[in-house]
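The sequence shown stops at residue 389 when you use this note's numbering, and every number in between is there.
Hints in this document: simulated from the structure, not taken from any laboratory. Wrong hints could be hidden among the right ones.
[To be verified] Think about it this way: if two alpha-carbon atoms lie no more than 30 Å apart in a straight line, the pair counts; the simulated BS3-like pairs of lysine-lysine are: (1) Lys309 x Lys340; (2) Lys237 x Lys309; (3) Lys340 x Lys278; (4) Lys304 x Lys278; (5) Lys309 x Lys278; (6) Lys304 x Lys237; (7) Lys237 x Lys278.
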Amino acid sequence: MKPNAFFIHTAPGRCRIKIPEKRHDTEFFEALEPDLINVIGVKRVSINTLTASILIQYHEQELPFEQLKLHLDKISHFEMGAEPKSIAIWEDASQRLTGFDSFLKEGSAGQIDFRSMLVIIFVLLAVRQLQQGNILGSASNLLWYATQLVMGKK
Numbered sequence: 236m237k238p239n240a241f242f243i244h245t246a247p248g249r250c251r252i253k254i255p256e257k258r259h260d261t262e263f264f265e266a267l268e269p270d271l272i273n274v275i276g277v278k279r280v281s282i283n284t285l286t287a288s289i290l291i292q293y294h295e296q297e298l299p300f301e302q303l304k305l306h307l308d309k310i311s312h313f314e315m316g317a318e319p320k321s322i323a324i325w326e327d328a329s330q331r332l333t334g335f336d337s338f339l340k341e342g343s344a345g346q347i348d349f350r351s352m353l354v355i356i357f358v359l360l361a362v363r364q365l366q367q368g369n370i371l372g373s374a375s376n377l378l379w380y381a382t383q384l385v386m387g388k389k
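Sequences are here, hints too, so could you generate the full structure?
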């Protein structure tokens, strides 16, 4: 039986598909990628096996969204269906943060990611707390969080 796939979000020129049953299945996504890239009008395909999602960027003029949906229905690797109602809040937040992290990396040519941005924010907030005289309270906590981000696993 084919795994169920569904759209997480759609925007002009891009859409994200999730196939929860294939989470961490690298072989599945490697086999699927050429079928998606070879669709005329598709610019880029980004696969994240950790979240079991596929980001498809496409030229709207060459490939309207309705036509892309028809191509996706024809792909034999999965079956397009409706999004299940029970997605955990933490999964949704994780997906959005992963997307934001990718956005930051692309926008800064790999110089800034979500973790780096948090370090900067915590240090700036700590400086502000120090200016207000909150040395042993908020400032020290914020500096501790920033240090943990820098020293922690990446």
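These are the hints, each one checked on the structure:
no., hint, verdict
1, Lys309 x Lys340, "violated (33 Å)"
2, Lys237 x Lys309, "holds (12 Å)"
3, Lys340 x Lys278, "holds (19 Å)"
4, Lys304 x Lys278, "holds (15 Å)"
5, Lys309 x Lys278, "holds (19 Å)"
6, Lys304 x Lys237, "holds (17 Å)"
7, Lys237 x Lys278, "holds (26 Å)"
Comparing the model with each numbered hint stated earlier shows that hint 1 is the single one that does not hold.
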